[in-house]
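Chemist: Sequence:
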Amino acid sequence: MKSGCDAGRQAGNYISYTSFSRFMKNLLIFDYDGVLVDSFDIFMSEFIHACDSEDLNHIAGREQFLALFEGNMYERMLEMGLQEEQIRRIVYTMRDGLRRQQKNLRLFKGIREALHELSENHPLMIVTSNETRTVEDFLRAHRIHFFDEIIGSDREPSKVKKIAYIQEAYTGYEYFYIGDTAGDIREGRRAGVKTVAVTWGWHTEQRLRRASPDYLVHNPEELVHLFRSRHPRE
Numbered sequence: 000m001k002s003g004c005d006a007g008r009q010a011g012n013y014i015s016y017t018s019f020s021r022f023m024k025n026l027l028i029f030d031y032d033g034v035l036v037d038s039f040d041i042f043m044s045e046f047i048h049a050c051d052s053e054d055l056n057h058i059a060g061r062e063q064f065l066a067l068f069e070g071n072m073y074e075r076m077l078e079m080g081l082q083e084e085q086i087r088r089i090v091y092t093m094r095d096g097l098r099r100q101q102k103n104l105r106l107f108k109g110i111r112e113a114l115h116e117l118s119e120n121h122p123l124m125i126v127t128s129n130e131t132r133t134v135e136d137f138l139r140a141h142r143i144h145f146f147d148e149i150i151g152s153d154r155e156p157s158k159v160k161k162i163a164y165i166q167e168a169y170t171g172y173e174y175f176y177i178g179d180t181a182g183d184i185r186e187g188r189r190a191g192v193k194t195v196a197v198t199w200g201w202h203t204e205q206r207l208r209r210a211s212p213d214y215l216v217h218n219p220e221e222l223v224h225l226f227r228s229r230h231p232r233e
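In this text, residue positions in the sequence shown follow numbering that gives the first Met the number 0: the first is 0, and each later residue adds one.
There could be a bad hint or two in this list.
[Claimed, not checked] What follows is a set of in silico ranges between Cβ atoms, one per label pair, in the way DEER data are often shown: (1) E155 x G80: 20 to 30 Å; (2) R139 x K108: 16 to 26 Å; (3) Q82 x K160: 19 to 29 Å; (4) H48 x E173: 37 to 47 Å; (5) K102 x T170: 18 to 28 Å; (6) E148 x F39: 16 to 26 Å; (7) Q100 x Q63: 13 to 23 Å.
[Said to hold, decoys possible] Heads up, simulated BS3-like pairs for lysine-lysine below, C-alpha to C-alpha not over 25 Å straight-line: (8) K193 x K24; (9) K160 x K193; (10) K24 x K160.
It should be emphasised that the hints constitute simulated quantities derived from the structure, not laboratory data.
Note that CB positions come from ideal geometry on N, CA and C, so glycine has one too.
Between the sequences and the hints, there should be enough to build the whole structure, so can you do that?
Modeler: Shown next, in the form of structure tokens:
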């Protein structure tokens, strides 16, 4: 297994025990789909079904779907010419489908253990394009109780604004956004936080590198190693 230092070096940043501020504690903000939960096939299927229900053929295949996540999903849909009311209906239809599919979703291997260790030393949050309640229900059913707050698309579609809210509400930290798509990384950078790309999710490593993440990790163990140099909350 590659170490976190190897992962950081490959992403263009050498990770050492002096890479982080000596005086600021870390707050870790996670994406949900593709980082915690292996949901790609179900999410794509429900999304395309929702588009079909609106007689829209803008997104009919895997690559078109993945391209939505080069940036913010909602902004990309607006750029494609969809109206806000259409987008709301698509999101509601998709939400209902995802709720029905909850029992078929699985946590990524090693992520439960990683979250447990990380939560002992750092506050954890979720910022996601999924719906808050859907995420809460899944985590509760799987006895994942490590997150201080979960902010979904029902509260705000922009991840930049959601991250900004966290920065205002939880002051005195160094903030990291952990995502699996190029859009996650770009929105994290726009919000002014450090970004960590994970390669086990929706976008390929090559695609993620083009978004220039601050750090890149290949498995949950590397993610834990990246933040192991930081001390518990004091």
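Chemist: Among all the numbered hints in the text so far, which are the ones the structure does not match?
Modeler: 5
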